Each structure stands twice: as structure tokens, then as C-alpha cells.
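*Asks:* Input sequences plus hints: build the corresponding full structure.
Read top to bottom, the protein sequences are chains A and B.
For what it's worth, our numbering labels the leading residue of the first sequence as 43, then goes sequentially.
For what it's worth, our numbering labels the leading residue of the second sequence as 43, then goes sequentially.
Take the hints with a grain of salt, since some may be wrong.
All copies of an identical chain are treated as equivalent in the list; a pair is satisfied when it fits inside any one copy or across any two copies.
Straight-line alpha carbon distances no greater than 25 Å define the calculated DSS-like cross-link-like pairs of lysine-lysine that follow [as the list claims (entries may be wrong)]:
1. Lys94 x Lys242
2. Lys188 x Lys143
3. Lys239 x Lys53
4. Lys242 x Lys58
5. Lys82 x Lys362
Quick caveat, the hints were computed from the structure, so don't treat them as lab data.
This structure is a prediction, so every number in the text was calculated from the model and none was measured.
2 protein chains.
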Amino acid sequence: MKLFNLNDLSKDELKKLFLRQAIDNIKVSGIVNPILNDIKLGGLDSVIKYAKKFDALETDDILVSKIEIDNSLKSISKSSKNALELAYQNIYKFHEKEIPKSFSIETMPGVKCSREFRAIENVGLYIPGGTAVLPSTVLMLGIPAKIAGCKRVVLCSPVGKVISNEVLYAANLCGISEIYKVGGAQAVGLMSYGTAKIEKVDKIFGPGNQYVTCAKSIISIDPDGCAIDMPAGPSEVLVIADETANARFIASDLLSQAEHGVDSQVILLTTSDVLAANVSKEVEEQSDKLERNSFITESLKSSFILKVNSLDDAFELSNKYAPEHLILNINNAESYSEKVINAGSVFVGEFSPESVGDYASGTNHSLPTYGYAKSYSGVSVDSFMKAITFQKLSKDGLKNIADTVITLAEVEKLDAHANAVKVRLENEN
Amino acid sequence: MKLFNLNDLSKDELKKLFLRQAIDNIKVSGIVNPILNDIKLGGLDSVIKYAKKFDALETDDILVSKIEIDNSLKSISKSSKNALELAYQNIYKFHEKEIPKSFSIETMPGVKCSREFRAIENVGLYIPGGTAVLPSTVLMLGIPAKIAGCKRVVLCSPVGKVISNEVLYAANLCGISEIYKVGGAQAVGLMSYGTAKIEKVDKIFGPGNQYVTCAKSIISIDPDGCAIDMPAGPSEVLVIADETANARFIASDLLSQAEHGVDSQVILLTTSDVLAANVSKEVEEQSDKLERNSFITESLKSSFILKVNSLDDAFELSNKYAPEHLILNINNAESYSEKVINAGSVFVGEFSPESVGDYASGTNHSLPTYGYAKSYSGVSVDSFMKAITFQKLSKDGLKNIADTVITLAEVEKLDAHANAVKVRLENEN
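*Replies:* As C-alpha cells, this is what we get:
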């Protein structure tokens with residue numbers, strides 16, 4: 043891995059070092075836009091056309107059948123089943139604590155205001171497929187949807203012919219049975235616009251390749267489309283480590299992120315020159331033995347190790363970068379957690395590798411990438427709900443607030459607004 | 043107003059009746075895109091160029107000076123001051139209850155997970171201007187930003203030369219002093235991209251005309267841009283009323299929404315034929331006396347009264363429409379609140395006109411329009427914060443979870459993920 047020292051870098055060089063790969067939305071949207079427009083007009087036929095072209099769909103029936111589901115539930119291996127069930131339990135326990143609380147307050151005598159939460163009724167989950175099989179993502183999206191109480195949960199995945207036992211088992215744990223063998227931009231089009239027979243959803247969740255994330259962006263600002271969980275870019279990890287850290291552990295964390303794809307970025311900020319050198323060596327040694335070595339070689343090209351002068355330096359740079367995953371491999375790591383301002387999920391101490399959060403610690407792995415952690419949260423139960431506010435005024439309450447409302451309406455030159463208060467109190471004066 | 047009976051309408055006619063005006067994003071984005079691109083490259087000079095062209099800016103200094111602020115605080119009228127202060131108090135009291143709660147949980151022995159909230163550091167507020175002056179919107183955005191603890195709050199408003207005393211007074215109450223005399227798409231460009239000297243923000247809030255909302259959409263999916271509060275369309279109200287309701291009150295509510303702009307939509311669903319006729323008559327009588335009668339005449343064209351067979355009909359139609367504002371003018375209105383699934387803010391009972399929520403009851407008036415209430419909430423304190431999750435595993439915790447993580451990583455063919463656990467437990471076995 044490339045090694046740098048903060049003291050050797052100019053401001054511009056430092057900025058350049060932390061730059062993420064540019065996302066070329068224009069090129070991708072040139073491909074995605076026609077697909078979405080086609081589905082808007084052509085409905086299911088268009089969806090099937092693209093699923094056959096891009097997802098290797100081999101049937102005209104995109105809905106996974108009850109028989110397929112039942113077979114999967116029977117044939118899944120014992121070890122996969124146990125692992126999915128333990129992950130389910132941990133994720134459920136954590137997310138249950140996220141349920142937002144309603145409240146009610148009398149802001150002034152006779153003016154009662156409250157805030158209540160409702161599940162979003164129709165949601166769509168996108169589960170990437172292709173070479174990989176991602177049952178963990180089914181749990182990460184399906185569990186909060188279930189806890190929120192969404193009435194209808196649709197799942198789309200580019201599966202061609204046979205959908206994996208693990209994906210179907212995870213979906214079943216979450217109570218999801220409306221599953222379509224459709225992926226890519228066509229899955230986003232299907233869920234956001236609906237077809238004559240398949241109702242559109244109100245919000246789409248889930249990661250995906252550049253076509254999926256581009257399609258999600260487009261439909262999120264299309265008045266005919268729907269909401270999305272968050273914008274996305276390539277996955278990334280930033281590790282902050284001091285001289286007490288174990289170089290092998292850190293190398294394994296950097297590599298577990300680097301194996302995600304060629305565009306992943308992994309960064310180590312450390313106060314120790316010795317550690318920097320050791321991690322670099324360890325990364326080389328460990329990566330030789332890994333199956334996805336070709337991805338790793340590519341993604342390490344945009345990755346680096348930076349020697350900093352202090353942990354304060356490290357946290358400042360990390361907050362500016364706003365990493366999706368942040369690993370704190372430093373002595374007494376927990377005491378630093380309040381220094382974290384911008385990050386998706388944080389892994390505290392040497393025995394908390396990123397992979398525990400990816401699968402089973404309980405936190406969600408759908409996290410803001412590409413610096414979006416500055417303003418977005420990871421997926422949570424609230425992502426599947428929305429708040430409604432209520433106000434109920436008694437006649438006295440209205441009298442108490444009348445002058446204020448009338449004065450402000452007059453300042454804003456909205457006399458019908460003032461009038462709505464006046465007509466209600468007319469017979470009073 | 044146009045009157046219909048549910049029993050006379052076909053499914054298609056009903057659907058057409060509730061259709062909102064189409065939003066022509068393509069035409070508007072043709073104007074907005076070049077402005078945004080110009081600002082991305084040209085910075086402050088481009089912002090000033092457009093502010094002079096569109097906002098009647100008369101100076102090269104877009105920042106409102108300390109002297110201007112001090113003068114406003116001195117010269118504001120007593121009544122405006124009192125009204126803003128009471129509104130501030132109510133809104134503050136309500137929003138303080140919204141502060142999201144952190145939590146911590148041990149999902150299994152040795153696996154400690156927590157969720158903490160952080161304020162978004164840099165936020166931008168857009169306050170429409172032109173003919174109207176909107177200090178209420180300053181409070182609705184500035185108060186939750188203050189409660190969240192945002193480090194920097196920027197405000198933009200198209201004010202030309204002199205900014206209103208009320209806007210500056212409201213901004214001062216919220217602790218906002220970085221105020222720019224810039225509006226429209228150029229304000230969105232300024233805040234989302236920043237300039238050499240003005241730092242970009244992480245999220246933009248606030249209503250605006252079609253150029254502002256289009257610009258917000260565009261920057262929300264531009265990787266160089268930033269997050270936004272929510273997409274937007276024209277403002278709207280839906281009233282559900284039974285035979286006990288007062289026709290004058292309802293007419294005044296419909297008109298207070300209709301005066302917002304020519305594209306506002308107002309709808310009454312009622313179980314009473316008599317009420318339907320009386321409201322229609324009242325709307326005509328009252329509107330004659332209102333100053334913004336020309337707006338009202340226009341917006342009533344796309345508005346209607348619909349006689350329904352039951353309150354259940356009404357709630358079903360309302361939830362399908364997902365109104366920004368919902369008024370329940372029915373006997374024992376409070377008992378119906380759980381029937382509301384999709385709405386921005388709800389006004390319960392005959393003494394709760396929409397205008398109290400627009401100004402001073404305490405709830406927020408920045409609400410999801412155009413059916414977005416199906417998936418979006420109104421602006422709240424959480425809109426100005428994001429959540430970060432943490433996990434800290436002890437060595438025993440990692441041992442407890444190891445099999446699960448390794449099994450799932452192997453299912454997903456990510457062996458580096460499994461390896462990050464294995465290296466930490468290597469000397470254990």
C-alpha cells in the first residue's frame with residue numbers, strides 16, 4: 043500500500059489524496075434513463091425484456107413461486123440456517139430499540155400538539171445478485187421493515203433462474219414473500235412505477251451497482267417515482283490506529299473492505315511509523331491468500347496509509363472524509379467515540395472487525411458512503427416510517443394564540459390565513 | 043367550487059379528480075441546470091450575476107451586514123416582535139420533544155451496540171422572498187437547527203436591497219447571522235457547491251418556487267451537491283367534514299390554503315350534501331373580500347368538493363391522496379386520528395384552522411406536499427441530525443459471534459471478511 047506522511051503533504055496534495063473516485067452519472071444515466079422511460083410506458087413487458095437481457099431471466103414469470111420458497115426452506119444447510127437465525131436475533135434486538143417515540147405536549151393552554159409515527163405502507167427492497175448472494179442484506183432491510191410494520195414489502199433481486207436458499211430463508215424470516223427475479227435499473231423501474239398489476243412502492247431501499255444507484259437517484263427526483271433510502275457510492279473503510287494496534291488485525295480489516303469491489307477505498311491513519319510499515323507488509327502477505335485478490339489489487343491502488351502527528355489529526359481528517367465504516371484500533375478506544383462526528387458505523391477496539399457489523403453484531407450495514415455520512419444516517423427502523431404531527435385547539439386555545447397568528451399572517455400579507463382565525467372567534471367579541 | 047358525488051364517478055374519473063398538476067421538471071431544469079453549472083465553475087461571481095438578474099440585488103456584497111441586523115432589531119414593531127417571540131416559544135417547546143434518543147444494548151454477551159446522534163455541521167436555509175416576507179419559515183427551520191446544535195447555519199433569501207425586519211428578527215432569535223441576499227436556483231447553487239470563501243453546506247432546507255425546488259432536486263443527486271430536506275410540489279389542504287361542521291369555518295380554511303398560489307389545491311370531502319352546498323356558497327362570499335382573490339380564483343379551478351358515503355370513504359381517499367395539510371372537522375374528531383396514515387400535519391376539530399400550524403401552534407409547517415407524505419415526514423429536529431452506530435466487542439464477544447460471521451461470509455464468498463475474524467482468534471484454538 044502507498045505510504046504518506048502528513049507533514050510531507052501540501053494542503054492540495056492532502057485534499058487530492060482523500061478524493062473519492064468521481065462518479066460518472068452522465069454516462070450511466072444515458073443507459074438508465076431509456077430503461078426507466080420504457081418501463082414507465084411499457085410496464086411488465088418492458089421489465090421482462092430487460093430482465094431477460096441483463097439478469098439472464100429464463101422465464102416470463104418474474105414472481106418467485108411458493109414452491110420455490112418452500113423448497114429453499116427445506117434444503118438450506120443447517121449451518122447457514124443457524125447463522126442467519128442468530129444474525130436475525132441480534133439485528134432484531136438492536137433495531138427494536140430504534141422504534142421512534144410518539145409524544146404529546148400542550149405548548150400553551152388549550153393548544154395540544156403531538157407527533158405520531160406510521161409505517162410507510164409499501165416498500166421495495168433491492169438485493170444485489172449476480173455472482174454474489176447477499177442474504178445479509180435481506181436481513182438488514184427486511185428486519186427494520188418488519189419492526190416498522192410496513193404493510194407490503196417487495197423484494198427484487200437479479201437471479202436469472204434459481205434464487206439462493208439463503209436469500210429465500212432470510213426473506214422468510216422477515217415475512218417477505220413477494221419476490222421478483224428482476225435486478226438492475228429494471229428492478230428500480232418496476233418498484234417505483236409499478237405495472238398494471240403490480241402496485242408501485244413508496245420507497246426503495248438497498249445497495250446496488252452503478253446502474254441501480256443511478257436509477258434510484260433518477261426516480262427519487264421524478265414526481266412519478268418514489269423515495270429512496272439514500273444516495274450511494276463505492277464502499278469504504280477508514281482505520282485509525284495507534285502504536286498499540288496489531289498490524290495483522292488492521293491488514294485483515296483493510297482487506298475485508300478492499301475485496302468488495304475494484305472501486306472500494308481503504309485508508310489507514312496512524313500515529314505510528316512502525317505500524318504503518320508493518321500493516322503495509324501484512325496487507326501484501328495476507329492478500330496473496332485471498333480469493334478475490336484481483337479486486338483487492340485494483341482497490342488498493344486508490345487506497346493509502348497516512349502517518350499523522352496525533353490522534354486529533356486523525357479524527358479531524360476522518361470527520362472531513364466522513365467514512366462509511368470507521369475502525370478505532372487505539373488504546374482505550376471507547377473514550378474517543380464522542381470525537382466521531384461524521385461516520386456511518388464505528389467499530390471500537392481491536393476485537394471489533396468490520397465484518398461483525400456487516401453480518402451479525404446487530405447494527406445495520408446499509409450505510410452512507412461517499413461522504414454522505416455528513417448528512418445521512420444508515421438504514422434504521424425510522425427509515426421505514428414517517429412522522430405525522432397533530433394539533434387540537436380548544437376554543438380558549440385558539441383565543442390564546444389568535445393575536446399571534448393574525449399578526450404574523452398580516453406581516454406575510456396572507457389575509458385569508460388571518461380570516462380563518464377571525465371567523466371562528468367572530469361571535470366572541 | 044366544483045361539486046361531485048362519489049357515487050356518480052367511475053374509478054378513472056375519481057382518479058383524475060385527485061390528480062395533482064403535473065410538474066414540468068424538464069422545462070424548468072433546462073433553465074436551472076446552466077445556472078448551477080455556471081456557479082460550480084464561476085463561484086461567487088456567477089452567484090452575484092444571477093442574483094442581480096433575478097433577485098434585483100443592488101450590491102456586490104451579498105452578506106447582510108451587522109449594521110443591517112442591528113437596525114432591524116431596533117426598528118421592528120412591538121406587535122411583530124411579540125408575535126414572533128410567542129411563536130418561537132411554542133415551536134421551540136414542541137421541537138425540543140423531538141430530540142432523538144441515543145441507546146445502547148448488548149445484543150449478545152460481549153457484543154455491545156449503540157446508536158448516537160450528531161448534528162449535521164453545516165446547514166443552509168432557504169427563505170422565499172419576492173413579494174412575500176416569510177419570517178415564520180425562518181422560525182420553522184431555524185429553531186430545529188438550533189435545537190439540533192448545527193455548528194453553522196446559513197440563510198439565503200432573495201431580498202434585492204432591504205431585508206425585512208421580521209426575517210432578521212426571527213433569524214436573530216434562532217442565532218443565525220450568516221445571511222445572504224441571494225434567492226432562486228443561484229441560492230441553492232451557492233449553498234450546495236460553496237465558493238472559494240463561502241464553505242458549502244451539507245444539507246439545504248426550505249420551500250421555494252419551481253426554480254428553487256428543481257435546483258434542490260438536481261443538487262440532491264449530484265455527487266458534488268448536498269442533501270435536501272425533501273422534494274416539493276404546490277401546497278394543498280384536504281378537509282374531512284361531517285354534517286356537524288360549520289360551513290364558514292371550512293370555507294375560511296379552504297381559502298387560506300387557496301391564497302398561497304395559483305397552483306394550490308384544496309379539497310373538501312364531506313358526508314353531508316347540505317354542508318357541501320353551504321361551503322361552496324361561503325367560499326364565493328368570503329373570497330370576494332380577500333386581497334389575494336386572483337390567486338384564489340385560479341387555484342379553485344383545480345379544487346373540488348366531493349360528497350362521500352361515509353367517513354371511512356373519506357379517510358381511504360385522503361390516505362391515498364396523502365395531503366400536506368389535513369383538517370378533521372368532524373364530531374369527536376380526535377378519535378379518528380389513528381385512521382390517518384398518510385398526511386403531513388393534521389388539524390383536529392373545529393377550532394384548529396390550518397393557519398395556527400402555519401405560524402404558532404408549535405408543529406412545523408415545512409411539510410411533504412404532492413403525495414410525498416406517503417414516505418416523507420415534515421421537517422423536525424432529526425432532519426438536522428444523523429445517527430451513527432457503534433459496536434464494541436470483547437474478545438469473548440467476538441468468539442460468541444465468530445461462527446455466525448464466518449459462515450455468512452463464506453455463503454457470500456467474501457473470505458477476507460471471514461479472515462478478519464479468524465486472525466483475531468488464531469492463537470485461541
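*Asks:* What hint numbers does the structure not satisfy?
*Replies:* none
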